[in-house]
Amino acid sequence: MSEHRREVLQMLAEGKITADEAERLIAALEKEETAGAGGGSEAGPKAKPRYLRVVVDSQNSHGYHSPVLVNIRVPMQLLRAGVKLASLIPAQAREQVNDAMRERGVPFDLSQIKPENLEELVDQLNDLTIDVDESHGKTKVRVFCE
Amino acid sequence: MIPLVASVSIRNKRNRGFRLWIPLALVWLLLLPVGLLLLPVVFVACWAGRIDPFRALEVFWQILCGLKGANVEFDNQGSSVLIHVF
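Residue numbers (our numbering), protein chains in the order written: chain V, 1 to 146; chain R, 1 to 86.
A portion of the hints provided could be inaccurate.
With beta-carbon atoms standing in for the labels, derived distance ranges [unchecked claim]:
#1 V:Ile130 - R:Ser79: 21 to 31 Å
#2 V:Ala28 - R:Val5: 15 to 25 Å
#3 R:Phe86 - V:Gln124: 44 to 54 Å
#4 V:Lys138 - R:Arg55: 43 to 53 Å
#5 V:Ile113 - R:Leu39: 45 to 55 Å
#6 R:Val42 - V:Leu69: 38 to 48 Å
#7 R:Asn71 - V:Ile130: 37 to 47 Å
#8 V:Arg24 - R:Val5: 58 to 68 Å
Derived lysine to aspartate or glutamate pairs resembling DMTMM-like cross-links, with alpha carbons at most 25 Å apart [claimed, not checked]:
#9 V:Lys31 - V:Glu3
#10 V:Lys84 - V:Asp133
#11 R:Lys68 - V:Glu119
#12 V:Lys84 - R:Asp52
#13 V:Lys84 - V:Glu119
#14 V:Lys48 - V:Glu30
#15 V:Lys84 - V:Asp109
#16 R:Lys68 - V:Glu95
#17 V:Lys138 - R:Asp75
#18 R:Lys68 - V:Glu30
#19 R:Lys68 - V:Asp123
#20 V:Lys138 - V:Glu23
#21 R:Lys68 - V:Asp127
#22 V:Lys140 - R:Asp75
#23 V:Lys84 - V:Glu3
#24 V:Lys16 - V:Glu3
#25 V:Lys140 - R:Glu73
#26 V:Lys31 - V:Glu7
#27 V:Lys16 - V:Glu30
#28 V:Lys48 - V:Asp99
#29 V:Lys31 - V:Asp57
#30 V:Lys84 - V:Glu7
#31 V:Lys84 - R:Glu58
#32 R:Lys68 - R:Glu58
#33 V:Lys138 - R:Asp52
#34 V:Lys48 - V:Glu119
#35 V:Lys48 - V:Asp123
#36 R:Lys13 - V:Asp57
#37 V:Lys48 - V:Glu95
#38 V:Lys48 - R:Asp52
#39 V:Lys48 - R:Glu58
Because the hints were derived from the structure by calculation, they are not lab data.
All C-beta atoms, glycine included, are put in the ideal place defined by N, C-alpha and C.
Work the whole structure out from these sequences, hints included.
Right, here's the structure in full:
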């Protein structure tokens, strides 16, 4: 029981308010609680990422090259379509690719990539942030979703 | 939706730079007859590679539509290049 509701019932017990007034107050409190919960849940889920950003900022300290800034924005739709290229690989070639990856210590099967896996992967990219900071060359690489 | 316009902006500190607008819609229209002529070749190549040609065309179309909104920016101290696909 919430504190406010307890106070309302206390006032009702002490005769400070009538039963009708207590009922209206409790209804108003319940309305506030549901509105607060709805607002919180609406703010909770993050929007799906629309772009994958790659930002490279190189401030080369050797003095031979001027600073370089590379900013790439790739739509998520393009990533999804690109991953679907794996489904076009013929079965025979897919087995060869799987064997080659297995030899290099990557036990991954390309045939296991399914559309629902892709959507889950893209959804998880929302929390992806990669920061690479090279102190000597003063190069920063950031990969994130927005 | 496939991209209809692309913008290429080249800026050089000496020449101040320029922006080039490319009407991709016209480019697609120009490439459409070429694509139709190459369609049988694509089908034969897919059949030879044991690839579903309709699936391949679908993925190619999705890649084309996914280009919309892509940005590539390269900024050096002496020059900068910005490519924006609308």
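Could you say whether the range 43 to 53 Å given as a hint is met by the Cβ separation of V:Lys138 and R:Arg55? Holds, since V:Lys138 and R:Arg55 (Cβ atoms, about 46 Å apart) stay within the stated range.
V:Lys84 and V:Glu7 were given as a pair; does the straight-line alpha-carbon distance stay at or below 25 Å? 60 Å, violated
Does the structure keep V:Lys140 and R:Asp75 at a Cα separation of 25 Å or less? Cα-Cα ~14 Å, so holds.
Can the restraint linking V:Lys48 and V:Asp99 be considered satisfied, given a maximum Cα separation of 25 Å? Violated. V:Lys48 to V:Asp99 sits at ~35 Å, over the 25 Å cutoff.
Straight-line alpha-carbon gap V:Lys48 to V:Glu119, limit 25 Å: 11 Å, holds
Decide if the proposed pair is consistent with the structure: V:Lys84 and V:Glu119, CA atoms, cutoff 25 Å inclusive. 11 Å, holds
Keeping to a limit of 25 Å between CA atoms, is the pair of R:Lys68 and V:Asp123 held or broken? Between R:Lys68 and V:Asp123 the Cα gap is close to 20 Å, so the pair holds against 25 Å.
Does the alpha-carbon distance linking R:Lys68 and V:Glu95 stay inside the 25 Å limit? 34 Å, violated
Sort out whether V:Glu3 lies within 25 Å of V:Lys16, counting only the CA atoms. 17 Å, holds
For the pair supplied as a hint, V:Lys31 and V:Glu7, confirm whether the alpha-carbon distance does not exceed 25 Å. With a Cα-Cα distance of about 17 Å, the restraint between V:Lys31 and V:Glu7 holds, given a limit of 25 Å.
Hint check: V:Lys48 vs V:Glu30, CA-CA at most 25 Å. Holds or violated? Not satisfied, since the Cα-Cα distance of roughly 32 Å exceeds 25 Å.
Hinted pair R:Lys68 and V:Asp127, Cα distance within 25 Å: 23 Å, holds
In terms of the numbered hints stated before, the structure departs from hints 2, 3, 5, 7, 10, 14, 16, 18, 20, 23, 28, 29, 30, 33, 37 and 38, listed from lowest to highest.
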